[in-house]
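Residue numbers (my numbering), protein chains in the order written: chain A, 861 to 1232; chain B, 861 to 1232.
Since the hints were made in silico from the structure, they are not lab data.
Bear in mind that the values here come from a model prediction, so they are computed numbers and not experimental data.
Every clue listed holds true.
DSS-like mimics (lysine-lysine), calculated; alpha carbons at most 27 Å apart, straight line: (1) K1184/A / K941/B; (2) K1172/A / K960/B; (3) K960/A / K1149/B; (4) K1191/B / K872/A; (5) K872/A / K1058/A; (6) K872/A / K1137/B; (7) K1107/B / K1083/B; (8) K960/A / K1172/B; (9) K1165/B / K872/A; (10) K960/B / K1191/A; (11) K933/A / K1191/B; (12) K1165/B / K862/A; (13) K1165/A / K933/B; (14) K1191/B / K941/A; (15) K1107/A / K1058/A; (16) K952/B / K1165/A; (17) K896/A / K1165/B; (18) K1191/A / K872/B; (19) K1212/B / K941/A; (20) K1191/B / K960/A; (21) K960/B / K1149/A; (22) K1165/A / K960/B; (23) K1212/A / K941/B; (24) K1137/B / K941/A; (25) K1137/A / K872/B; (26) K1165/B / K941/A; (27) K993/A / K1083/A; (28) K960/B / K1137/A; (29) K879/B / K1137/A; (30) K1184/B / K1013/B; (31) K1184/B / K960/A; (32) K1137/A / K933/B; (33) K1191/A / K941/B; (34) K1212/A / K1149/A; (35) K896/A / K1084/A; (36) K941/B / K1137/A; (37) K933/A / K1093/A; (38) K1184/A / K933/B.
Protein chains: 2
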Amino acid sequence: MKFTCSQQSLSKALNTVSKAVTSRTTIPILKGILLKASSDGTLTLSASDLDLSIEKKIDVNVEEEGSIVVLSKLFSDIIRKLPNEDILIEEKESNNVLIKTASSEFTIVGLAADEFPNISELEGQPETLSFDKEIFKDMVRKTSFAASIDESKGIIVGVLLEIEPDTVNMVALDGFRMAVAREPMKSAESTKIVVAAKILNEINKIVSEAEDEGDIQIMLSNKKAVILVETTKIVIRLLEGEFIKYKDIIPTQNQTKVEVGRAVLLESIERASLLAKEGKNNLIKLTIKNNLLTITSRSEEGNVKEEIVMEKTGEDLEIGFNSKYVIDVLKAVSDEQVLMEFNTSTTPCLVKPLIGNTFEYLILPVRIASNY
Amino acid sequence: MKFTCSQQSLSKALNTVSKAVTSRTTIPILKGILLKASSDGTLTLSASDLDLSIEKKIDVNVEEEGSIVVLSKLFSDIIRKLPNEDILIEEKESNNVLIKTASSEFTIVGLAADEFPNISELEGQPETLSFDKEIFKDMVRKTSFAASIDESKGIIVGVLLEIEPDTVNMVALDGFRMAVAREPMKSAESTKIVVAAKILNEINKIVSEAEDEGDIQIMLSNKKAVILVETTKIVIRLLEGEFIKYKDIIPTQNQTKVEVGRAVLLESIERASLLAKEGKNNLIKLTIKNNLLTITSRSEEGNVKEEIVMEKTGEDLEIGFNSKYVIDVLKAVSDEQVLMEFNTSTTPCLVKPLIGNTFEYLILPVRIASNY
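My request is simple: use the sequences and hints to build the entire structure.
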């Protein structure tokens, strides 16, 4: 293997594929990036942690075909710190790799390419979806934070991607809150997949770094999906199992409805949570009375009362929350006003836009002592 | 105590004085900030960790004189997160403190002001120096990193500030390298003080945040110094003991002199140190031969050779360094070219500007095995 390429394009490609390299693996070859130079003048870079694999092609000057695995961190650090000029990369004996510019010469230890896991293609004719980049990014951002971060919890570490004839939905939940994002989209077939939230977050970074506007392509099979973002191919293992029937959980009848400014509510709750450290519960109390929303909280260090004018229909109510869950929701959306709907002080609160249903959040309340 | 003030000016003042609050103290009152409202319309904020005390005055509307201590972190967090409007602050019974705006109302637990340590003034007529802000900041930046961070090492955790009739020198060293910065300055008397490097770094932050150009004032006594930065008064405890006679260490005769580009040398050494992890020593070897400076390094992961064209007078030389010490020096200065002077492979290297002596750095070499 022998090729020359520009420092900038190689460094950028390494930044993308290294997102699939995990430092926590015990399998040495998975700390590496596979470099494959082909006679058609392309270098294919691949990395995989078995759940997530990323492959990217760049144009290089190939003098000699071949492939080798280099340590991701060391190789990326070297390439990033080289000046922006042409780099020669050449396989030497014993899997050594020479990296050479006008004034620098590195020889680093590589690994044989044949040990690298095969990033296999999907079989047959997979179903393909097109997704606008901005819509995809926004839906992931609105939902992935609500997935469980506890790996022992099974499928709820994932985000449900539900394709229906006229809409696409993303859903995540962790037992304390649920996030639903919806966008209109025409699809020939209905289908459901579940993808680990942390993988979706990595994909979102790659989508954010993409250079052009336009769509990403998602190809689905039974256990895998392939996502194409420009010249980057991402292969992900889907989570298996039945996702919670989330539509049954969303309350349709609510006694109390509150319309409130999102930014002012977010700031008030952030201030109130400065004194909401009791038992790590971040407990705040919302008192909905007439046209005033009052947020109170207290700890050994003091107490706080925040007042916000709002529009209300229905009954007055007192309800407690873990402030973190409310803050997460108010940060994930950008609407000027939001609608909060309540039934009782022990049933979940629903947060949604004034018009439509592009998002719906459910937040479980925390029981508050009668003397709080 | 009762006063109203603007959120912005209070938040800014808290940001300054809280630099003297240490979270690691076991004395509860030192986690606090003393607020003192006077009938002349000033609020004085004070904080101290006994080694460093900071006092700042701001204009407020005082309705009732008085003073109280509030917890630095909680009070600063609350004030920072309040909207930019007028804030009422009032002492209530049992040392409670009310913080009130149009829509927020906090009551936090305070501490009695009489427990707060007295930030005493200097006695008599202390000697006063004026220091241009930019020069002060630059000299601290050029030297403080070289002081020892090992608190058990005594006076070398400090930076020597040496006032001579025509120059001021700052000097720091840690046994492996030494940094000297010099600037012309007329002074009536010669004097020397030693200030802990970490205190100088905090002072540099305050100087950086100052709003106007101009001078800072330094007033010296035997064991203390007072530094005035605009309306901020900083009182520091000086380190006691004799600083190392640093002038005797600087070599005056050097066999080999190398003139080299600072940025290109810095980048080469940063790249070479990617492979310089052997025994945590960051070992790199510099080979000075004819007009080529070659930097080599190696580890189990591979090896590297960097070449830089330079101008040399004197003998060829091979010498080993801990790359961190060379990188620190090359980052601290901004000259386009620097002069490196060497005697043998076991004596310190001197780094200085091409012309003049506004800085001088000594770096101890590391012995390299003959087969390296």
